[in-house]
Amino acid sequence: MLSTISFFNILLPFLYIIVFSVYAFDFFSEKSKFTHSKRIFLFVTLIAHILYIIFRTVEFDHTPITSKFEIFSLLACSIAFSYFLLELLTDIRGTGTFILFFSVVFQVISSLFIEHNYQVPEVLRNRMLGIHVISALLGYSGFTISAVYGILFLILYKNLKTNKFGLIFNRLPSLEILEKLSFYSVLIGFILLSIAMIIGIIWLPSAFPNFRYSDPKLVGTFFVWFIYSLGIASKLIGKWYGRKVIIFSLSGFVLTMVSLILTSTLQNTFHSFY
Amino acid sequence: MDFVGITINHKTAPIEILELLHLSREEIIEFISHLKMNFKEGVILSTCNRTEIYSLMPNYNLDSNKIITSLLEFKKVENLNNEHFRKYFSCGAVKHLFSVAAGIDSLVIGDSQILGQVKEAYEISEDLNFSGSVIKRVFEAALKVGKRAIKETAIGEGAVTVSYAAVQVVEKIYSNLDKKSALIIGAGETGELAAVHLRDKGIGKISISNRTIERAEKLAEKVKGGIIPFPSLKEHLHNYDIIISATSAENLIIHYEDLAAAVKKRKGQPIVIMDIAIPRDVDPKVKEIDSVFYHDMESLKVIVDQNIQKRKNEIPKIESIIMEEMQNFFAWYNTLEIVPVIKSLRNFFDSIREDELEKIKHKVTPEDFNKIEDMTRRMIGRLLHNPTIKLRQLAEQGINPDDIANHSFLIKELFSLDNKTNGTEGNKKEKN
Numbered sequence: 001m002l003s004t005i006s007f008f009n010i011l012l013p014f015l016y017i018i019v020f021s022v023y024a025f026d027f028f029s030e031k032s033k034f035t036h037s038k039r040i041f042l043f044v045t046l047i048a049h050i051l052y053i054i055f056r057t058v059e060f061d062h063t064p065i066t067s068k069f070e071i072f073s074l075l076a077c078s079i080a081f082s083y084f085l086l087e088l089l090t091d092i093r094g095t096g097t098f099i100l101f102f103s104v105v106f107q108v109i110s111s112l113f114i115e116h117n118y119q120v121p122e123v124l125r126n127r128m129l130g131i132h133v134i135s136a137l138l139g140y141s142g143f144t145i146s147a148v149y150g151i152l153f154l155i156l157y158k159n160l161k162t163n164k165f166g167l168i169f170n171r172l173p174s175l176e177i178l179e180k181l182s183f184y185s186v187l188i189g190f191i192l193l194s195i196a197m198i199i200g201i202i203w204l205p206s207a208f209p210n211f212r213y214s215d216p217k218l219v220g221t222f223f224v225w226f227i228y229s230l231g232i233a234s235k236l237i238g239k240w241y242g243r244k245v246i247i248f249s250l251s252g253f254v255l256t257m258v259s260l261i262l263t264s265t266l267q268n269t270f271h272s273f274y
Numbered sequence: 001m002d003f004v005g006i007t008i009n010h011k012t013a014p015i016e017i018l019e020l021l022h023l024s025r026e027e028i029i030e031f032i033s034h035l036k037m038n039f040k041e042g043v044i045l046s047t048c049n050r051t052e053i054y055s056l057m058p059n060y061n062l063d064s065n066k067i068i069t070s071l072l073e074f075k076k077v078e079n080l081n082n083e084h085f086r087k088y089f090s091c092g093a094v095k096h097l098f099s100v101a102a103g104i105d106s107l108v109i110g111d112s113q114i115l116g117q118v119k120e121a122y123e124i125s126e127d128l129n130f131s132g133s134v135i136k137r138v139f140e141a142a143l144k145v146g147k148r149a150i151k152e153t154a155i156g157e158g159a160v161t162v163s164y165a166a167v168q169v170v171e172k173i174y175s176n177l178d179k180k181s182a183l184i185i186g187a188g189e190t191g192e193l194a195a196v197h198l199r200d201k202g203i204g205k206i207s208i209s210n211r212t213i214e215r216a217e218k219l220a221e222k223v224k225g226g227i228i229p230f231p232s233l234k235e236h237l238h239n240y241d242i243i244i245s246a247t248s249a250e251n252l253i254i255h256y257e258d259l260a261a262a263v264k265k266r267k268g269q270p271i272v273i274m275d276i277a278i279p280r281d282v283d284p285k286v287k288e289i290d291s292v293f294y295h296d297m298e299s300l301k302v303i304v305d306q307n308i309q310k311r312k313n314e315i316p317k318i319e320s321i322i323m324e325e326m327q328n329f330f331a332w333y334n335t336l337e338i339v340p341v342i343k344s345l346r347n348f349f350d351s352i353r354e355d356e357l358e359k360i361k362h363k364v365t366p367e368d369f370n371k372i373e374d375m376t377r378r379m380i381g382r383l384l385h386n387p388t389i390k391l392r393q394l395a396e397q398g399i400n401p402d403d404i405a406n407h408s409f410l411i412k413e414l415f416s417l418d419n420k421t422n423g424t425e426g427n428k429k430e431k432n
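Residue numbers (this note's numbering), protein chains in the order written: chain Z, 1 to 274; chain S, 1 to 432.
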């Protein structure tokens with residue numbers, strides 16, 4: 001099993017690079033040779049990645065969330081998986097290059113530095129923690145994808161305002177679609193982050209004796225959740241449109257990143273395992 | 001090959017002359033009955049940008065001036081310079097027809113209407129029994145070229161008119177036009193084109209506003225839209241997601257303040273303004289408003305120029321398709337010469353076989369006779385297999401028609417087949 005895991009660990013970055021290259025080629029080339037087949041490349045890569053995660057879980061007897069590099073691999077998979085679902089549901093195929101770039105980066109770093117970890121604290125073997133972390137990661141993937149669509153929206157918006165009709169104008173879907181994709185990604189991310197938070201609030205106090213609600217990571221996550229809930233409410237109830245919603249979403253993403261970086265560097269948290 | 005094509009088109013003559021020689025469907029029908037007196041087959045294609053006549057000349061007489069004279073007489077046009085006409089013969093005529101059908105000879109490269117017009121022209125000839133097997137095959141091949149050009153290249157892609165470019169930009173802002181509303185200001189040709197494009201794209205609601213209410217009503221009826229009275233235009237701006245203005249007004253119709261007020265009423269919902277009028281109808285300052293997308297002739301022309309260039313880049317691909325289809329056509333055409341020769345060669349061998357069988361018919365038992373008959377049939381088949389295949393290959397792949405003629409001649413001479421040729425298609429071709 002260990003040799004299979006090692007094999008997949010080497011294979012996955014290459015698969016992601018191939019998928020990314022195919023999507024990039026399709027975006028930048030006028031010939032559109034891979035418009036239909038590129039999804040198959042992504043599907044195969046995702047299957048390989050899911051198998052890799054299952055093998056690791058079985059072999060090391062814990063969900064692969066026990067180190068930064070295991071988390072990176074999960075993040076790569078969840079971003080690619082979220083994008084795959086979005087592409088299947090909307091049939092919009094021209095934006096994969098910008099999203100899958102993140103999967104490539106996370107998986108390459110993960111594969112380079114990941115270690116085979118048999119010895120981990122008992123709490124990290126808990127299945128509830130696994131669900132908590134995976135749903136949080138999927139939530140953050142949603143926010144990342146939303147931010148990418150937000151940036152693409154702003155680029156196309158600027159192109160349209162300044163009468164630039166080049167590659168971006170020809171290849172990207174309409175502003176309205178980019179706005180919708182960004183909003184749906186935020187919505188899905190928000191729901192998954194909410195699930196992660198609910199599990200955390202219910203389960204963490206019993207698992208960690210030093211649990212406290214004033215923990216910086218909890219406060220930071222709640223702050224991010226609150227900002228996104230405001231944005232979603234403004235869109236749904238306040239009927240916000242276009243650039244205003246996108247800028248709000250991007251601000252949310254920046255806050256998420258700042259919050260994650262700050263809380264990860266703070267030492268006085270029970271919520272740090274690595 | 002005695003196929004001839006004459007053309008007068010946008011490249012060879014000014015529009016006034018093209019208009020003089022344009023033939024309506026009824027005129028084409030009448031003109032064909034005139035041509036039938038001197039020509040056996042032909043097709044007449046007449047559009048806004050070209051009038052062309054294709055014909056098979058009798059007795060290999062390639063003097064096409066007779067066709068031009070007939071056309072000028074029919075249209076009662078005098079003193080027209082012959083230089084306005086281009087004449088094509090044989091391969092050249094086929095190639096020109098294929099280029100026309102593929103849209104690369106059109107005024108707007110990749111024009112999507114021309115293929116239908118070529119098809120219609122051929123159908124008129126067919127209905128009037130003015131097309132034979134060669135014309136039929138040439139035009140079938142031309143239609144195939146046109147279809148392949150559309151399917152295999154990007155010759156018809158992208159907007160090449162300002163009105164269509166405006167719609168293309170609108171589609172980059174809104175995803176579902178069926179849920180959007182559009183206001184067309186100006187019911188002239190450009191406004192009409194934009195309205196028709198939007199209707200074809202399935203716009204949810206469309207309204208027309210024009211100084212002359214009758215013209216607005218006419219266009220509204222055409223696109224199944226409503227009417228906004230021109231004097232109260234500004235009060236309705238906020239109700240529309242798309243505003244296309246194409247009037248001939250000397251001054252601005254929509255000012256910055258008008259649109260700022262409309263945007264306020266729309267609570268930030270985006271509004272697209274396409275100002276395709278010269279001089280402008282809308283104050284260009286409106287583009288400073290956050291949720292307003294303003295485009296004028298200048299910016300839309302950028303898209304049109306880009307798309308025209310892209311279409312031009314497709315021409316080499318189309319030319320390869322034309323070459324392929326020309327090879328296929330001439331492969332078929334060349335077999336017209338060789339098929340009767342093969343047939344008479346086989347008849348000649350069969351007659352010898354039958355003669356010899358007749359001589360021994362009463363000298364052998366019926367069972368033996370059957371065996372000999374089978375054996376000789378197989379023998380003749382095997383003897384003629386290779387020559388038949390080689391002759392067909394020569395006809396299908398032969399670039400030089402002289403090669404085919406020389407081989408045919410040699411076989412006819414060797415076996416004295418001159419009086420035995422009985423291929424109907426060959427005779428038909430000779431007559432043509």
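Calculated from the structure, these hints are not laboratory results. Heads up, some of the hints might be wrong.
What the hints assert, rightly or not - Sample of chain Z residues facing chain S (criterion: CB under 7 Å; computed from the structure):
#1 N163
#2 L175
#3 I177
#4 W225
#5 G238
What the hints assert, rightly or not - To spell it out: a stretch of chain S is covered by chain Z in this simulated footprint if at least three of its residues, at any positions, have a beta carbon under 8 Å from a beta carbon of chain Z; those stretches are:
#6 95 to 101
#7 203 to 217
Note that beta-carbon positions come from the ideal geometry of N, C-alpha and C, so glycine has one too.
Each hint, compared with the structure:
no., hint, verdict
1, N163, "holds, 4 Å"
2, L175, "holds, 5 Å"
3, I177, "holds, 5 Å"
4, W225, "violated, 26 Å"
5, G238, "violated, 9 Å"
6, 95 to 101, "violated (count 0)"
7, 203 to 217, "violated (count 0)"
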